[in-house]
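Undergrad: Top line first, the protein sequences correspond to chains A and B. For the first sequence, position 99 (counting from the first letter as 1) is numbered 139 according to this note's numbering, and the numbering increases by one without interruption. For the second sequence, position 201 (counting from the first letter as 1) is numbered 241 according to this note's numbering, and the numbering increases by one without interruption.
Just so you know, these hints were derived from the structure itself, not from any lab. Just so you know, not all the hints are guaranteed correct.
Since the list gives no way to pick out one identical chain from another, each pair is judged satisfied if it fits inside one copy or across any two copies.
Calculated lysine-lysine pairs in the DSS-like style (CA-CA distance at most 30 Å, straight line) [claimed, not checked]:
1. Lys163 - Lys187
2. Lys51 - Lys202
3. Lys236 - Lys85
4. Lys187 - Lys223
5. Lys77 - Lys187
6. Lys202 - Lys163
7. Lys88 - Lys219
8. Lys203 - Lys163
9. Lys244 - Lys187
10. Lys163 - Lys223
11. Lys219 - Lys187
Number of protein chains: 2
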Amino acid sequence: MDSCVTAAIAKSMGHDIYAITFDYGQRNHREIESAVKVALSLGAKEHKIINADLRTFGGSALTDDIEVPEFEKERKGIPPTYVPARNTIFLSYGLAYAEALDADAVFIGANAVDYSGYPDCRKEYIEAYQRVADLGTKRGVEGNPVKIVAPVMDMSKGDIVKKGIELGAPLEHTWSCYKSEEKACGKCDSCILRLKGFEEAGVKDPIEYDQI
Amino acid sequence: MDSCVTAAIAKSMGHDIYAITFDYGQRNHREIESAVKVALSLGAKEHKIINADLRTFGGSALTDDIEVPEFEKERKGIPPTYVPARNTIFLSYGLAYAEALDADAVFIGANAVDYSGYPDCRKEYIEAYQRVADLGTKRGVEGNPVKIVAPVMDMSKGDIVKKGIELGAPLEHTWSCYKSEEKACGKCDSCILRLKGFEEAGVKDPIEYDQI
Chain A
41 MDSCVTAAIA KSMGHDIYAI TFDYGQRNHR EIESAVKVAL SLGAKEHKII NADLRTFGGS
101 ALTDDIEVPE FEKERKGIPP TYVPARNTIF LSYGLAYAEA LDADAVFIGA NAVDYSGYPD
161 CRKEYIEAYQ RVADLGTKRG VEGNPVKIVA PVMDMSKGDI VKKGIELGAP LEHTWSCYKS
221 EEKACGKCDS CILRLKGFEE AGVKDPIEYD QI
Chain B
41 MDSCVTAAIA KSMGHDIYAI TFDYGQRNHR EIESAVKVAL SLGAKEHKII NADLRTFGGS
101 ALTDDIEVPE FEKERKGIPP TYVPARNTIF LSYGLAYAEA LDADAVFIGA NAVDYSGYPD
161 CRKEYIEAYQ RVADLGTKRG VEGNPVKIVA PVMDMSKGDI VKKGIELGAP LEHTWSCYKS
221 EEKACGKCDS CILRLKGFEE AGVKDPIEYD QI
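Can you build the whole structure from these sequences, using the hints too?
TA: Right, here's the structure in full:
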């Protein structure tokens, strides 16, 4: 959902969309099918599905046979669904793609509000990554660095839903559940945060849930 | 050669070696076979060959059907063999692997002397990347970030050859040529810099050349 609204924001700013989706060995393949529908619906010029198999390293409940936990309001620290350096790998491919296209920006749907403990979803992380883009690329050296843009970073989930509806983003094609592929489970961190967002926005979530 | 000596330095510092090689669609596949021999020879605990196909983005003479240029002493700027965000992608996988292993450091053979114009082979780039590792990972948040180490950064090619010989690094298994797979061409940037290194070190390069 965050990625979809991020892409809709980029489009509303006048950018052409060149989408990237990562098949990183995540348990839930539905996410990838949904991304294809979202990219088509937003009129992306191109959509690359990158095979970046992070199962080879392991270390996460999203890629290994570790149980995906149900939501715990009081949980502290970094959850077991953290995937080591995931956004860093995603942004690196985004940067390569942007440079090869001579594109001006990489948009990422990282979100720090309703922060579920991921270190690579924070503003200071994105700022650090910008410096890598400034120093580590041809465009950066030439004084015209690719911008790393995280437009939903400071929005609540409710604001993200509202923004998506305002821009006509295809929220009905998005998928957030970590556990299921048919109907969303309604219980994992990701479902709970999504449902909270729709509730805050006062709108019914268009996807189907197994139980709420 | 730089990667091989870098790994030998890591080993000499007491680290266990977990090697990564990238099959990124580079024209020269010999590089990968050579890396396998080097890792075995250095007694690596594990060696991951990561398929990170950068041909999908294009934009470089190393991955596209653009001519690899012969060495030009006076060439200014970034050469056509620059691959967009290549080291950024490499380091990102390194960081993911290190975090999954709970390893202390990622070593990279980036070298700024005999600088052939690659922005992602400079000290300030590595420093910027360290900040990404500090802020974007679980280990970083927990106050024990993975260190990004580039031990041959400030060495001349001659010093790299000397260091390799001192440490018994398997230089005979390394491959630098951008063009050939059987005998090194002796003419591309990478061959010229390598040969200059052996000359400075006063040692004969153990690999075969087509012509010098």
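Undergrad: Work down the list of hints and note, for each, if the structure agrees.
TA: Status of each hint after checking the structure:
1. When the C-alpha separation of Lys163 and Lys187 is checked against a cutoff of 30 Å, the pair qualifies both within a copy, at 14 Å, and between copies, at 21 Å.
2. Taking the shortest Cα distances, Lys51 and Lys202 sit within 30 Å of each other inside one copy (16 Å), while across copies they are farther apart (54 Å).
3. Taking CA atoms no more than 30 Å apart as the test, Lys236 paired with Lys85 passes in neither setting, with 32 Å inside one copy and 46 Å between copies.
4. Neither within a single protomer nor between protomers do Lys187 and Lys223 lie at most 30 Å apart by alpha-carbon distance, with minima of 37 Å and 42 Å respectively.
5. In this assembly of identical chains, Lys77 and Lys187 lie within 30 Å of each other by CA distance solely inside one copy; the values are 26 Å within and 40 Å between copies.
6. Proximity of Lys202 to Lys163 under the C-alpha cut-off of 30 Å is restricted to the intra-copy arrangement: shortest distance 22 Å within a copy versus 44 Å between copies.
7. Taking the closest pair of Cα atoms, Lys88 and Lys219 come within 30 Å of each other both inside a single copy (24 Å) and across two copies (29 Å).
8. Taking the shortest alpha-carbon separations for Lys203 and Lys163, only the intra-copy value of 20 Å comes in at or below 30 Å, while the best inter-copy value is 41 Å.
9. Taking the shortest Cα distances, Lys244 and Lys187 never come within 30 Å of each other, neither inside one copy (34 Å) nor across copies (46 Å).
10. Taking the shortest alpha-carbon separations for Lys163 and Lys223, neither the intra-copy value of 32 Å nor the inter-copy value of 49 Å comes in at or below 30 Å.
11. Taking CA atoms no more than 30 Å apart as the test, Lys219 paired with Lys187 passes in neither setting, with 33 Å inside one copy and 34 Å between copies.
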